[in-house]
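Sequence lines, in order, name chains A and B.
The first sequence begins at 1 in this note's numbering and counts up one residue at a time.
The second sequence begins at 1 in this note's numbering and counts up one residue at a time.
Certain hints may be false.
Computed list of lysine to aspartate or glutamate pairs in EDC-like fashion (alpha-carbon distance at most 20 Å, straight line) [stated by the list, open to error]:
| # | chain 1 | residue 1 | chain 2 | residue 2 |
| --- | --- | --- | --- | --- |
| 1 | A | Lys11 | B | Glu108 |
| 2 | A | Lys93 | B | Glu375 |
| 3 | A | Lys11 | B | Asp297 |
| 4 | A | Lys305 | B | Asp445 |
| 5 | A | Lys66 | B | Glu371 |
| 6 | B | Lys149 | A | Asp1103 |
| 7 | A | Lys128 | B | Asp117 |
| 8 | B | Lys216 | A | Glu17 |
| 9 | A | Lys11 | B | Asp445 |
| 10 | B | Lys149 | A | Glu1092 |
| 11 | A | Lys1126 | B | Glu366 |
| 12 | A | Lys1143 | B | Glu366 |
| 13 | A | Lys489 | B | Glu108 |
| 14 | A | Lys1126 | B | Glu371 |
| 15 | B | Lys383 | A | Glu497 |
| 16 | B | Lys149 | A | Glu673 |
| 17 | A | Lys734 | B | Asp118 |
| 18 | A | Lys489 | B | Glu469 |
| 19 | A | Lys489 | B | Glu366 |
| 20 | A | Lys48 | B | Asp32 |
| 21 | A | Lys66 | B | Asp445 |
Quick caveat, the hints were computed from the structure, so don't treat them as lab data.
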Amino acid sequence: MSWIKDLISPKTRQWEEFYRNRHQHDKVVRSTHGVNCTGGCSWNIHVKDGIVVWETQALDYPLLEKSLPPYEPRGCQRGISFSWYLYSPVRVKYPMIRGALLDIYREEKEKTGDPFKAWDNIQNDPAKRKRYQQTRGKGGFRRVAWEDALEMIAAANIYTVKKYGPDRLIGFSPIPAMSMLSYAAGARFLQLMGGVNLSFYDWYCDLPNSFPEIWGEQTDVAESADWYNSKFVAVMGANLGMTRTPDVHFFSESRHNGTKTVVFSPDFSMVAKYADKWVPVHAGQDGAFWMAVTHVILKEYHVDKQTPFFIDYVKRFTDSPFLVQITKEGGKYQPGRLLRSGMISKYSVTENSEWKFLNIDSVSGELFCPGGSMGHRWDSKEGNWNLKYEDPETGKSYDPVLTLVQNHDEILQVDFLEYGKNNIASRGVPVKYLETLEGRVAATTVYDLIMAQYGVDRGLGGGYPNSYEDSTAAYTPAWQEIFTGVGPKTVLQFAREWARTAEVTHGKCSIIIGAGVNHWYHSNLIYRASTMALMLTGCIGTNGGGMNHYVGQEKLAPTDSWATIMTAKDWQGVARLQQTPIWHYINSDQWRYDGNQADYNTVPKNDLSSMHSADLVVKAVRNGWMPFYPQYNKNNFEIVRDAIKAGAESDEQIKDYLVDKLKKKEILHAVVEPDEEVNFPRVWYIWRGNALMASAKGHEFFLNHYLGTHHNSIADEVADKFVKDIKWRSESPKGKMDLIVNLNFRMDTSALYSDIVLPAASWYEKNDLNSTDMHSFIHPLSAAIAPVWESRSDWAIFRDISRATSELATKHLPEPIKDIVNMPISHDSPGEITQPQIKDWSKGECEPIPGKTMHNIIIVERDYTRIYDKFIRLGPNIRQGLGAHGNSYNCEDFYEKMLDDKNHILKMDGVDYPSLFEDEEAANAVLILSSVTNGELAHRAYKVAEKKTGLILCDLAEGSKDIRMNYKDLQSRPLRYLNSPIWSGLMTAGRAYSAYTYNIERLVPWRTLTGRQHFYLDHEGYIKFGEHLPTYKPSPKPEVYGELRTSIATGKAKILNVLTPHGKWHIHSTYGDTLRMLTLSRGMEPCWLSEEDAAELGIKDNDWVEVYNDNGIYCTRACVSVRIPKGICIVYHSPERTYSVPKSEVRGGRRAGGHNSFTRIHLKPNLLLGGYGQFTFHFNYWGPVGVNRDTHVLVQKMNRVEF
Amino acid sequence: MDVRSQISMVFHLDKCIGCHTCSIACKNIWTDRKGAEYMWWNNVETKPGTGYPSKWEDQEIYKGGWVKNGRTIRLRGAGKFKGLKTLFHNPSLPVIDDYYEPWTYQYEHLFNAPEGDDQPVARPVSLITGEYITPKAGPNWDDDLGGSKEYARNDVNLQNLSAAEQEAMFQLERMAFHYLPRICNHCLNPACVAACPSGAIYKRGEDGIVLINQNKCRGWRMCVTACPYKKSYYNWNTGKSEKCILCFPRLETGQIPACMHSCVGRIRYLGVLLYDADKIHNVASCDENELVQSQIDIYLDPCDPEVIKAARANGIADSTLEAARKSPVYRFVKEWELALPLHPEYRTLPNLFYVPPLLPTMAFVENGTYETISETFWAAIEKSRLPMKYLANLFSAGNEYVIENVLKKLMAVRLHRRNVTVGDLPEEEVYGPMNEVMMDKDTADAIFRLTSLPLYDERFVIPPAHREEAMEMIESTADVKGNIGFGFKIPPKRGL
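Turn these sequences into a full structure, and let the hints guide you.
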């Protein structure tokens, strides 16, 4: 082998410098990627010759416990592509305004010499308005100077506020945790103005409604390192390799530590290859599988063998021992509401007795009311809100009865509805008769109800299934096969291995769940069905256990201090925070195209369940369940003026005036007449997000009704046949929005369709903070280089907008003015115990009482000349303390300390305030004032919690009392944040965060009615919609869902269920337009088809196809694959319509849209309910979500492709 | 005994996500420039699939690697001498369609388009011709079984499977895929070195990295043909061929190659192997079914005093020997025999080893109902998806026993760890399989730790480069300190 010689001589190898020189770089700076992604990965940005050249992952995360794999490295193919954007041809370098608008404005400005008057003239001339609106998205951008752009924005702001009221200014930005200050910048500006921030977590369909339903929690999950602690992991609707790229190693590493993994997914996905078993359950039918799993667990591990660990757990930590009334209606027995302590003479005089609930003591057989309920939470006497099985009235502890099966007065045959096969089964339920103040009532335990609901026969008679093989009765392994296509043997093995693992490990089974499940219409039920299997085996609130939902990014760790800065509550007490799904449903007029939900939602027939969703929204807004802005069909300022004119002297009298006018229907809620001009939203700020495409469910309706430009919808308007309360106008308005302002670093669809595009600094060009639920560190974005070209950070841009707006106000809105703010009844406030029954004041069923039977009404003063002054200063309300999730602490001393730092204060009217002028100053304010980054504040928060609960908790903060994090600390290394009562996981000494360990180990209640985890949801509305018990409901059928009413298949086309899961080459739409990702994929986002469907349609791999329904159309190429099952197609979320999209053949040669072109919003109505325990609104916590998985489309081959 | 030191790698395929972060880390640093657009020194493939360039494994087409020729071997395709005949026309070279036509988009149009009656769009444009194109191929076109009919079903590794076996791979019951990330193997017997008519390709003495001297390369592209892994690429702009350099500027500064640094699945390991260069010829020429074992045998025990003595005699630094003793690669390849070379039948003696993937248990479908169950907690390896023969075609020159044995070991570790952490399985279910592969508990724990828990410096053990010693041979190291970076930055000129 003479020819292979090693070369050693350095002389002959001097050329090697060629590659060495490339690798040399000048500087490395820590940053991360600031929106849309839950990764929260720390990156090193490499700078050479003043140019960002590449990025590599940081490796210096602090280690957790030695028994856990480390977090390094974190970062995926998308993140590592980001540096492409900085200098790419898709980068926005200068401010730009739509040419048609700019010309009209300049003309009017020339005429009037005043920006305000110029804007006034444009908006009051329908022809001018239409002229620029219809050019939206059609090119013609012009570069302008920053001051020109700011002037037009200020004019629109002041004009809108003055003419219609500030609640017509709207802002949308998603997922603050990823770049908290960039989000806060726009929100702070809008809230100071009196504008509206749109929620995102629910709109993105990331909010799992089952979390509020079961736990009273928005979401709380384990950090990814805790997956490793699990010994049995079920994955569904989450393609971990694809969407949890930096975390999935914990999953694979746990496999080699003896963990079993089962993946549920209709397609063979990236995570399926990791599984020990792949279960291709039919799309969206996972709930049926889990109902059967729970049936088996109940039968074998709760009845045949009463597993002590499981029994003890459900007794202590779930609502299972609580008593439920069995009512008789039309001769049929039905489960009713939880028994209230106030119904029993023993407790009838106690405070909040309507919100305290009853157990039976197993020793004495007496009724007991344990502490920890919502009533105890809001009692004037503190210290009884805990999970000790003690009666706070007597201080006696006791052991609750779980089941009445051995000791009952009678067995009643209670009706249970099964929606899958539409059966009613009467099943024996053991009851006790109780003497109450309302007479003798039959009651059973939640546990007994659950047994009956799941069809676990305990010899009580009635329509129980006779075996696992009985496919006629719910919810047997044989029954589920009808819906899932998966055989009963698979269910049995799964259930037994699951329960055995949980029993031996005391709860180390977990579910990792994602958008693949959460985006279905009935996702809350699928979640509840699977959570039952966790709760019944003690797998919640333990390391290695848990319902680990990772969809979107809700975990903004220092939310206590941040939220205050974000909402400007350091200056004023209220904020206008809007539930987005209902907002777009109403305002973008999608309700007009919606049939009655009762036709596609499977519900029992009654007055409530048969209402149209739009009418239910009206009811929800009036009753204070949901917020809705704009508020009234009249400018708020005008209402105040009229009230004063009518003699109102105080704020209280202004409120009384308004309530009276509302009652008399002389002033209407805007939601009642959304299509009247006076009620339009007017100015829309979009930053950090792609509100017009990636998240625009019903995108084509946005184009039509918001933008007034071209669209591809042919949907018919049908709601007039159903609606009663919302006002129907025969003609729907086109182009509601006066101005759309977009802050962006790239020309995405939202930028392309906006009126003003402002060049935003990218994530390597600004300072900010980042946290995530995937890990427990907080770390920064930092500027590796200054913002390129004329770009500015979001913080600087909104600061500039504030300045320009305040300046214009000195001329056009110089005086302070009173505004009325509607606030819905809020979770984590005493408002959550205000509406035990559904009563509608507008129908005369009760009196309108703000904060009780209707929303709150709050009067605030606004000074538009001071918006900027307040924006850049941290206001004095901080002195009153901060908090989150019902926790609070005093931080006045830290505010004072900030004032001592003379380099970072700003004077106003002779008074010092901490400066927020620079983003870094704002970052430090967040860190100094948060309980998760300031150990002293965590300690104080626990102290307050001790008082509330009567428990010892402060030890949790003892070890970290001296920790104070600041921005520079985080730049040197990511730091693990601290234990704090605002979060439910315990992290002492490197322990992995797992949700609800605080509740289980420290006996702090969940924020639910009973304070326990809820199997049973006794809200009147839940009973009426048939979701009081965990159940299975079939997906809405395409025939009734209403998206294929008018689309006719021409030639070869086929109806397919289109799934839009998260993709491999983008985080939502970001990165999807980079050359890197487009090169590694197929140059666009294809439509994945099964080999069978493609063959039937005559489609070959890479053929061009049209994917469409009534709502709109997407054109792309086909990716034909054996891993896709027949009957579904996949268009991964989310393509842009800015690249590679040709013109549609079936819709007359117009440019086709994106994946949201074929979606339309469908609200699930029971999620609108409020004012009742955990069913009470909070921003991004409660309300219907933007579902989209049930969408069906036609797919066909394109014959001619034109651009 | 001619002891040499080789930097070598293990990729643990059971942990691979197929995310391609590695590919981009590499591209950002090394091939993000004109002429290099299509170069993916690191790429990731879905298996089954045809890979990149398409069907690279089909040596009937590409004539890469070595073939056994009696008791020795010869290059299958272009050699130094045979190559001369094909210098100006080489039919075995992959052409642009086997790779892809690199493209970009007319992004500027989104900014510059005048007001029109429809929305402007950025169309794809060829980076070669500047014309509009519709992409038809890419470096990862068959990702996740995309276009399975044209790609996965034409995987070269299916060739000796029966029609029934092949069809079963694409049915619900047995369907699966896995990922195969690939970089240059920095072979012990590199065909590219042997094939280069210009003598431009060499193996570095201190670490075994194979490099193409950009000054000496004349762009004959014999290396492109000769490399059976198609990891040498021709830069059409500079007229030189280029390939993975194992990030030697990073290794020399104690940093791990970018692709490994960025590996978020934590599948990659790097360390030193010592080998006996005297044996290369014999190993490369042995019978096919002995290839894997005899390659393992070429690597030497760094604790063996004889080896240490011979290594020192060859000028191998003590610090390198120390690194060799901590090498995670040594443990996976030699001690545990869990990692296997890719296509050993190419006889280049690659230094990148793969731990094959465990795949889900197969299922059965009866009357349209899908069932996936197993008699034991985890089904036996034989019940895994994809035929064993398929994996054997990739990693053991068709020897199924070798693959089966590795997978059984991986499963034995899992059973042992289940027993330690849960303890819910019957004794015989745990220890039967462990005994079958003769694995003791300590070994199982050690494998588990290096698989699941390793810290950065346990995954990567880089021998110090002692650059000062190399520099000293050219000029005073004191001068070097002041001169560094003033070296040539202008790329070498194109042409002869």
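Right, here's what the structure says about each hint:
This hinted pair does not check out: Lys11(A) and Glu108(B) have alpha carbons roughly 47 Å apart, beyond 20 Å. Distance check on the hinted pair: Lys93(A) and Glu375(B) sit about 63 Å apart at the alpha-carbon level, beyond 20 Å; violated. Distance hint between Lys11(A) and Asp297(B) is unfulfilled; the C-alpha atoms sit about 34 Å from each other, more than 20 Å. A threshold of 20 Å between alpha carbons decides the hint, and for Lys305(A) with Asp445(B) the separation of about 35 Å lies outside it, so the pair is violated.
Of the pairs offered as hints, the one joining Lys66(A) and Glu371(B) is violated, with about 39 Å between alpha carbons and a cut-off of 20 Å exceeded. Of the supplied pair hints, the one linking Lys149(B) and Asp1103(A) holds, its CA atoms being roughly 14 Å apart against a limit of 20 Å. Annotation: proposed proximity of Lys128(A) to Asp117(B) holds, straight-line Cα distance about 17 Å (limit 20 Å). Between Lys216(B) and Glu17(A) the alpha-carbon distance is near 14 Å, which keeps this suggested pair within the 20 Å criterion.
Between the alpha carbons of Lys11(A) and Asp445(B) the distance comes to roughly 47 Å, so the proposed pair goes past 20 Å and is violated. Restraint check for Lys149(B) and Glu1092(A): the C-alpha separation of about 11 Å stays at or below 20 Å, so the hint holds. Distance restraint check for Lys1126(A) and Glu366(B): the Cα-Cα separation of roughly 17 Å lies within the 20 Å cut-off, and the hinted pair is therefore satisfied. At roughly 45 Å between alpha-carbon atoms, Lys1143(A) and Glu366(B) are farther apart than 20 Å, so this suggested pair is violated.
As the CA atoms of Lys489(A) and Glu108(B) are separated by approximately 58 Å, the hinted pair breaks the 20 Å bound. Restraint check for Lys1126(A) and Glu371(B): the C-alpha separation of about 18 Å stays at or below 20 Å, so the hint holds. Note on Lys383(B) and Glu497(A): the hinted pairing holds, with a Cα-Cα distance of about 19 Å set against a maximum of 20 Å. For the hint pairing Lys149(B) with Glu673(A), the CA-to-CA distance comes to about 55 Å; that exceeds 20 Å, so the pair is violated.
Annotation: proposed proximity of Lys734(A) to Asp118(B) holds, straight-line Cα distance about 18 Å (limit 20 Å). Straight-line distance between C-alpha atoms of Lys489(A) and Glu469(B) comes to about 67 Å, which puts the hinted pair past the 20 Å bound. Taking the CA atoms of Lys489(A) and Glu366(B), the gap is about 12 Å. The hint holds against a cut of 20 Å. Between Lys48(A) and Asp32(B) the CA atoms are separated by roughly 15 Å; this keeps the pair inside 20 Å, and the hint holds.
Between the alpha carbons of Lys66(A) and Asp445(B) the distance comes to roughly 15 Å, so the proposed pair stays at or under 20 Å and holds.
This entry does not satisfy hints 1, 2, 3, 4, 5, 9, 12, 13, 16, 18, going by the numbered hints stated previously.
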